[in-house]
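Asks: Given the coordinates of chain L, work out where chains Z and D should sit on it, guided by the hints.
One line per chain: the protein sequences are L, Z and D, in this order.
Note that this note's numbering has the first sequence beginning at 1, numbered continuously upward.
Note that this note's numbering has the second sequence beginning at 1001, numbered continuously upward.
Note that this note's numbering has the third sequence beginning at 2001, numbered continuously upward.
The hints are all genuine.
So the derived label-pair ranges between C-beta atoms look like this:
| id | chain 1 | residue 1 | chain 2 | residue 2 | range |
| --- | --- | --- | --- | --- | --- |
| 1 | L | N208 | Z | N1181 | 46 to 54 angstroms |
| 2 | D | G2352 | L | G159 | 36 to 44 angstroms |
| 3 | L | L17 | Z | Y1331 | 55 to 63 angstroms |
| 4 | L | I192 | D | D2339 | 56 to 64 angstroms |
| 5 | L | T48 | D | N2111 | 24 to 32 angstroms |
Straight-line C-alpha distance at most 20 angstroms; calculated EDC-like pairs for lysine to aspartate or glutamate:
| id | chain 1 | residue 1 | chain 2 | residue 2 |
| --- | --- | --- | --- | --- |
| 6 | L | K45 | D | D2140 |
| 7 | D | K2158 | D | D2074 |
| 8 | L | K45 | D | E2161 |
| 9 | D | K2158 | L | D50 |
| 10 | D | K2158 | L | E171 |
| 11 | L | K16 | L | E329 |
Derived from the structure by calculation, the hints contain no laboratory data.
Just so you know, even glycine gets a beta-carbon here, dropped at the ideal spot from N, CA and C.
Here is what each chain is made of, one letter per residue.
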Amino acid sequence: MKSKTSPPRNPTLGEKLHHLLISQEGVLFVIMLVSVLFLATRTDKFLTVDNLLQQGRFMTEVGLIAIPMTYIIITGGIDLSVGSILGLTAIVLGWTWQELGFPLELAIITGILSGTIAGFVNGLFIVRVGVPPLIMTLATLALYRGLAEGISEARSARGYPEWFFQLGQGEFLGIPTQLWLLIIAVVIFGIILARTRLGRALYAIGNNETGARFSGLTVNRYLLFIYTFSGFMSGVAGYIFVSRVSTTRSDMGTGIELDVIAAVVLGGTSIFGGTGSIPGTIVGVVLIQLLKNGLTLSGVTSDATIVVIGSVLIFAILVNNFIQSRRSEN
Amino acid sequence: MSKAKTSPVNRGPEHFIGIALALVIIGAYFLLPFVIQPERGPSTVAVVTESKKANELKIFKTGVELIPLAGLGVLLLGAWNVIVPGASRAISLLMSVSGLLVLVYYINFTRDYAAGGATYVSSMGSAFWIMLVAGVLCVLQILMPRGAGEGRYRITKLFGNQESIILFGLLLLIFVVGIANPRFLQERNISDILQGNAYIAVAALGMTMVIVTGNIDISVGSLVGLLAVISGRLVVSGLPAPLAWLAPLIVGAGFGALIGFLVAYLRIPSIVVTLGMLSIIKGILIIWAGGERVRDMPADYFLSQMRPLGIPMPIIIMVALTIVVVLWMRYSATGRAFYALGGNAEAARLSGLSQKRLLMTVFILNGIFIGVASVMYSTQFNIIQATPPPALELSVITASVVGGVSILGGTGTAIGSTMATLLLNFIRSAMIFINVSPFWLKAVQGLLILVTVLADLIRRRRQRL
Amino acid sequence: MKRTFAITLILALLLALAGTPLSADGHERWDGADDLAVNPLACGMGDEMMDEGEDMEEDMEMMEYDGGMVAMGDDMAGMDITLVDVPKLVGIGYFAATTLGQQQAAEELGNVSVTTDAPTEANIDDQIQVIDSYITAGVDGILFAANDPVAIAPVLRKALEAGIHVVGYDANSEPDAREWFVNQAEFNGIAKALVDSLADQMGAEASFGIVTSTFTTPNQARWIAEMWAYASECYPDLTWLETLEAQEDAVLSFQQAQTLINKYGEDLDGIFAMTSVATPNGADAVQQAGVCEDVAVVGLATPNGMKPYVNSGCVRDVILWNPVDLGYAAVYVMRAVVDGEFQPGDASVSAGRLGDLVVVNGSEVLLGPPFTFTADNINDFDF
Chain L
1 MKSKTSPPRN PTLGEKLHHL LISQEGVLFV IMLVSVLFLA TRTDKFLTVD NLLQQGRFMT
61 EVGLIAIPMT YIIITGGIDL SVGSILGLTA IVLGWTWQEL GFPLELAIIT GILSGTIAGF
121 VNGLFIVRVG VPPLIMTLAT LALYRGLAEG ISEARSARGY PEWFFQLGQG EFLGIPTQLW
181 LLIIAVVIFG IILARTRLGR ALYAIGNNET GARFSGLTVN RYLLFIYTFS GFMSGVAGYI
241 FVSRVSTTRS DMGTGIELDV IAAVVLGGTS IFGGTGSIPG TIVGVVLIQL LKNGLTLSGV
301 TSDATIVVIG SVLIFAILVN NFIQSRRSEN
Chain Z
1001 MSKAKTSPVN RGPEHFIGIA LALVIIGAYF LLPFVIQPER GPSTVAVVTE SKKANELKIF
1061 KTGVELIPLA GLGVLLLGAW NVIVPGASRA ISLLMSVSGL LVLVYYINFT RDYAAGGATY
1121 VSSMGSAFWI MLVAGVLCVL QILMPRGAGE GRYRITKLFG NQESIILFGL LLLIFVVGIA
1181 NPRFLQERNI SDILQGNAYI AVAALGMTMV IVTGNIDISV GSLVGLLAVI SGRLVVSGLP
1241 APLAWLAPLI VGAGFGALIG FLVAYLRIPS IVVTLGMLSI IKGILIIWAG GERVRDMPAD
1301 YFLSQMRPLG IPMPIIIMVA LTIVVVLWMR YSATGRAFYA LGGNAEAARL SGLSQKRLLM
1361 TVFILNGIFI GVASVMYSTQ FNIIQATPPP ALELSVITAS VVGGVSILGG TGTAIGSTMA
1421 TLLLNFIRSA MIFINVSPFW LKAVQGLLIL VTVLADLIRR RRQRL
Chain D
2001 MKRTFAITLI LALLLALAGT PLSADGHERW DGADDLAVNP LACGMGDEMM DEGEDMEEDM
2061 EMMEYDGGMV AMGDDMAGMD ITLVDVPKLV GIGYFAATTL GQQQAAEELG NVSVTTDAPT
2121 EANIDDQIQV IDSYITAGVD GILFAANDPV AIAPVLRKAL EAGIHVVGYD ANSEPDAREW
2181 FVNQAEFNGI AKALVDSLAD QMGAEASFGI VTSTFTTPNQ ARWIAEMWAY ASECYPDLTW
2241 LETLEAQEDA VLSFQQAQTL INKYGEDLDG IFAMTSVATP NGADAVQQAG VCEDVAVVGL
2301 ATPNGMKPYV NSGCVRDVIL WNPVDLGYAA VYVMRAVVDG EFQPGDASVS AGRLGDLVVV
2361 NGSEVLLGPP FTFTADNIND FDF
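Next up, chain L with everything else stripped away, as it sits in the complex (with noise of 0.2 angstroms):
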């Protein structure tokens, strides 16, 4: 009620740090601070520059995938299906090129083309049928998956030439390659989300559907696009993890999605839709990876990490509310 009487007058430098700092990545990116010094004080191997790169290496492909969910999610809806993508595309890119003789160029466009197809058979179903996205995509989980395992009969690709590996195993200027992907895919679509027409067109979905369609947004190629976009994202995320781990299986990606999903609101994207953004979900992409890292490095094994990383993203998401809370009452 007070600010209503208070002339308008640019925010000093304190007062937008402290913005920052109260915002929903802010408060993320300070519970990633704290983990880090802490698991830093607990072993040595931790923060240092390979380390922290190789891990960059092992989060590209959720990391990738984490882009285009949070677009979808931002607008409410969500995508199951983008492990059993991933997989498809790993099985297209594989099956063409070792048993239809496809040149390994072709079956990697290939492979990422029918991720995107496939991607965009979902937002098809979702915009033109009506169906929900959650039930679209559950369906589409198990159909891929399913379509995987047919297409490849059980058998796996392997025996790749030198230069396919160079995407998931190299390293571009100390960098690991597919890093450098993700880092632009990060910058472009971030930008994207939060300076374009597009970007404002889905805050506007998720915040009211109905009424971004009596305003006059074409909602329907909207969605149609960020569902396409989705698969075809799934599909570079499963060229990058076919080339780092050498063999293609129909049972790649597994499960992928939870971890998608987490990393996507744990950066501070309301499942609900209309809020959420790309720093963020970088943020918690990194957060969930160190921690893995981290406290494995730190002798804590894998089970014990589970419960540490599920709680992290119980108690991240409260911390938030309460500061969200506070600040929305000031």
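Replies: Then chains Z and D, alone, in the frame of chain L:
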């Protein structure tokens, strides 16, 4: 709306035919000499096998002709009632279908019997079970007149809700697969599928309530695993079996209360809470159990293997709980409030319902249902695995949403989720019976899930028009 | 139009189901084993197995060491070493047993400490990440059971380059990514033991189904491929009905076994269960269906899981190596490698209470022939 208001009950001659038919069928069921034997209960299989061994097959000839006749009668009466106004059309159609099924079983029976095949015995048994159902339907169609809205003869009206779509999908599946491979229809197979998946159906009941309020629980699988091991270890340590059955319900309610508290009072979205709990509970289970399976449970512990009145316990629990939940959600104030909460949380708040208490209630109830499911799971085998059942949460959520629960909350029924559980698992088994390549099983299953969901949507869309 | 589309779709689907164009042909060679060469043993029952094993050893002695080489590190001979054991996953009885064996060996040796850490699901990527973290943490040796032989290879090579000794057990990786692999039993030996047991119980003209984990699990796929090779050579009249997946899922294993029983009725004489989860639950299905006499369950399982069924007489044979010994041997092999007592080219290695274990296939240490648990001896084992 339709202006046709048919008179509530039009007692034409077909009703009396129905009564007579019902009496004949039910009477025949109990009177035929080989159906009931006091020490065995109503198991045709055992008795017929016995009589085959003793070369007493001639008693078959005495009552067997009744089966096709009664089946045909039920089929025709059902078909007649669909066309002529009077009885509830859904029940009439069910009658036709059950009549048809009886005929299919009878044809299988004669075919197998002539060829000396192995399945004629259970075809016979199944035919009798369905005859019994048909008899009950004959009575029901007299008691339940057609509703006011059902006046016009449009076959599509039969598919007025997701439950009936699933039911007809289920019957169609059984019919088609039964023709392709009669062994699918044998009594034991049907009963195996029903009892083997009953625990999923029970967990899906809890999930349905949670989803109706606009929430979700993805920690089901971990919790079932943990509660099963708790129950098993308690009974092995000497606790009486009934207490070991009760313990998971209490612990489950405790976990439910914890989740409910986080969701309701600390306002963390349920998907976040349960995503976290999924990892936490799983970690606890693995650390605590250390991979050690539970075994050597006392003989009276195996609840799921009990057969009171010859009916497997899991089926009884599943049916009973489904009925209870259906009635409770429809008629109790709290049950109806769940729908209000999911339909429009703001409206529910304004109408004076305590949202927090409702959320607590629904998660505690869900925890209790998970407890029941875990007991059904842990008493199924002589060994309890120390790991959570893989991907159980996916099966449970799929069953709930396919059963017509809108994920946005506010709609959905318990009976739909139970039937969806059965449909999904019948599909899984049926695919094997008709020799779908094992590599393509998952793909076909996924496609069928999609088709079921689409059928529901097309129906909703049609209703809106 | 959409309605027409939907109806056409459903009708097409039903037609597809009724016509079963995706029909499974059980008589084709079932092959999830990536066309790797099979090597069936000679026909015959139990006793000859030892001879076969010896023959094989003679063949294999000619093979050169094909394992990897560890980078030069500090000489740790006789010093305390820290090992990490990364099985496929934690939380299941089988790997709890290998862990137990490792702890026993560590206690006996006195200068070894082993920690077991693995993902909570058999996930290839999580396993890679766990191993990678331990390379960074700096252990002296890694014991592993691979979820995928190819996928795990790069991270193991990284360990070798970092001077960390790598020894596998239970599930192999590409040979050059580790130094030694402790092989619990040869694939063909397992296959022979399983098929012989079924033929012995139900006759050489029996029909059988298989319940496996997934078609892509390497060990199971190889066993089935070897079973196929051995059965078609030695028992051509066995009928191979169907192979079903059941993951490592107790309920699914039970239901798949039920489905086999119901689908094939009297035509089914046996079920092969390929995992330590599928075997007890397959046996449970047979027992609950009351067909113990007609359907033999033959499978791989740990004795504790099978005691109820073997003691009740429903299952005659359970075939498995001793996983406790497997873990035990892995630690001894690792110690010998670190101490420099076990070098490429050696024909055997000494492994504590197990005596000398022979080297086969270039760089594999063979634990011994598979062990058969029966009602007479199963109660002597506790794992």
